[in-house]
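> Okay, here's what each chain looks like letter by letter:
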Amino acid sequence: MSPRPQPEVEGVTGRRVIYALMLLAVIAPMVWRISFKERPSAMTRDIFAAIEALPPGARVVLAYDFDPASEPEMKPMGDAFSRHLALKQARIFYLTLWPLGQGEIDMVTRRLLAIEYPEYRYGTDYVNLGFMSGNEGVISVAMTDLKKGFSTDVHNASTGTGGGLPIMRGIDNLRNMDLIVDVAAGYPGLREWIQYAAVPGGIPIIGGSVAVKSPELFPYVPAQCLGILAGLKGAAEYEQLLVDRYPHLDRPESRVALERMGPQTVAHLVVMLLIIAGNVIHITRRRRGVEAA
Amino acid sequence: MTRRLAIAIVSLSLLLLVLIRASTGAMANPFNDPRALGSWTAAFLTLCMLSFLYGDNPFFRFAEHVFVGVSAAYWMIMAFWRAIVPNLLGNLAPEIPAALFGMDLPLDVPLGRRLVYAVPLVLGLLLLARFLPRGRTLSTWALAFTVGTTAGLRLVSYLVSDFMAQISNSLQPLVVMRDGGFAAGPTISAVILTGGLICSLAYFYFSRERQGALGVASRIGIWVLMVTFGAGFGFTVMGRVALLVGRVEFLLRDWLGLI
Amino acid sequence: MQRAVPFAITFVTAWVLLWAVVVPPIDQIREEFVLFFDILAAFAFLLGGASLLGRHGRKIRRRARGWGYSAACLGAFLLTLGLGLLKVGGEGGLAGSVTAEGSALGWIYEYVFGPCDASLISLLAFYVASASFRAFRVRNTEATVMLVTAFIVLLGRTFLGGVATDWLPEQLAPLKIPNLVQWIMSVPVTAGNRAIMIGIALGIISTSLKVMLGIDRTYLGEDA
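Protein chains in written order, with our numbering: chain A, -19 to 273; chain B, 1301 to 1559; chain C, 1092 to 1315.
Some hints could be false.
As the list claims (entries may be wrong) - Okay, the calculated bits of chain C under chain B, using three or more residues with CB under 8 Å as the criterion:
#1 1096 to 1102
#2 1193 to 1206
#3 1241 to 1255
#4 1262 to 1271
Hints in this document: simulated from the structure, not taken from any laboratory. Even for Gly, the Cβ is constructed at its ideal location relative to N, Cα and C.
With the sequences and hints as input, model every part of the structure.
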């Protein structure tokens, strides 16, 4: 008697079924607007408290070290930090070590700061120093002379002469900063900022990282880094804290990560079920193979 | 036949959806608005990329090659306008960018500094010399400078931040007292943290046979590393899913206007 | 000469950077060396673009298989390069930002580069799901530990993690999934990652020393 044909669970068709399941897992919660209230972790609360404690006029470097590939995780984080720092009237120095990060900074300055905080003046309250090549070399130079590393802002105004950029007056290097906030998707990123700025200069640093890289960076917390927002969940927790503390921010633009956690949750469940299903099928086949033998 | 039928059904369904949405005015007109044209271009390229899920195909290859070309050009442009012009020309001959591009750069650069900045210009040209018939040898001089700088920078930073600081972070009290009393939870955590670190390091020690205490420590180290990798897997899944959520959100919200 | 000059450059550069930590007067030289490095990194980007031009140009010339795609690649490359170098469309012209409001390069970044980059990476979500189904097998105790941790983290990083164990009494609060995830990340995962970090640091220190002392010259290519 010939054996019954096994279902093609591991072939090409099986793969496409899995892809379709994943797509459905992401689309369905979006269409039905499934979202949840987040319970921020202790680390997220610590990060929030650190920025909340900043006095007006505090000098903060906000490094956008990511590209469009990591935008879904990183942009909500960066936007949340920008909003919070603007609400605290901090002086924000935007810069990036990634060539593609400059486009991200452009988007936040033009579509967030300029629109939501029109009283925030470019050159006085915030500046876009843009991209500089050299990876960790840029941080190393900026630790001794920020204006040598970033000799112009993105609009080609000199940082050295200071006439067109009042925010740069009195700034010699990164040691003049009260806080560094790095939203990073990999290399160069948070590790480099900790190694070349936070540790040698004793400058407080807060990080936002893609979920993939986050576990590698937790050993730096809390001695070398105040805290790390890990992935979309971290961004959602921070948005929740921001919305709770500043209710006027309770609008779609400030809840991007919170809305995305719905599809995220369902997709996680699907992956867990796939792992269980794969193991059940594997164990069943192994037993049948043993019995047949 | 079934495969072609499936492709046809999916494509026609998508086309129908787009036509319905466009006819009801829910989608912006790409011929009137550069942003709308951009959304349609982005949607087309997104679907081309996602078509790879079915298999390699001309649409994917086209989008992939366009991506590579745009990426290389973008990096070159950023390098030129953000580094070479302000930092190299700005020190070597600031009059040139000031006159040609109207850039606001300090013109009073001393001669000594200008001469010093001939060095990176020469090194940069040496790097590009690898395209010349005998340029490979010369380009290694520029490469040697890069390697030397990287080695010098990283030796110090990794020694201080990743070696000494991490050992220092691990030297914590193993018996934790809080509010004048013994705190069991933090004590257990501290013991596991320090013990786990030592055992994980023991696992990576391959110069001796794993017997006795080293063998036991290695075994525990494997368990700690399995927990580490399990958490890493969980975070990796989270990260990858978030990227898909972002793309689908673009298609459904910004392009189709469905949500 | 072929090996001596590059090695001398590496030696001097690396040791200046090292000694600048303990000899402050040479910190100025260190700073200039690192600035040169930053500029050299920019030249490396030019090198990449030129290399792409050469490779795809040869393919088109020879009418090799797939040369049409190479033409698309070069077309996109040259168009973007032209629009970006000339800062077409942006306010401020050549004096303004390269990604100024309304610039062609800004449009390309937002509607061509960004979507391609993001879409390519988003494919990984499907592959990680497929790999989880096909490859994540509980064959032994260690794999089970890994799986259980992964499940706790996957649940704990969502709303369901909090809801699933909300019913636990306060005495068992450490076993609530969000608290468990927090503990896992700050204790065993930190221990494991710290060990890996120390190992990597030792490796980098040793490799840097080998490069600085000329023991490792593989970066000089086959001539070394």
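> So, for every hint listed, does it hold in this structure?
A quick look at each hint next to the structure:
Evaluation of the coverage hint for the region 1096 to 1102 of chain C: fulfilled, as 6 residues show C-beta separations to chain B shorter than 8 Å, against a requirement of three. For the region 1193 to 1206 of chain C, the proposed coverage by chain B is satisfied: 10 residues have a C-beta within less than 8 Å of a C-beta in that chain, meeting the threshold of three. A count of 6 residues in the region 1241 to 1255 of chain C with a Cβ less than 8 Å from any Cβ of chain B is obtained; the coverage claim is therefore met, three being the minimum. Note: the region 1262 to 1271 of chain C has 1 residues with beta-carbon separation from chain B under 8 Å; the three-residue rule is not met and the coverage is violated.
Of the numbered hints listed earlier, the single one contradicted by the structure is hint 4.
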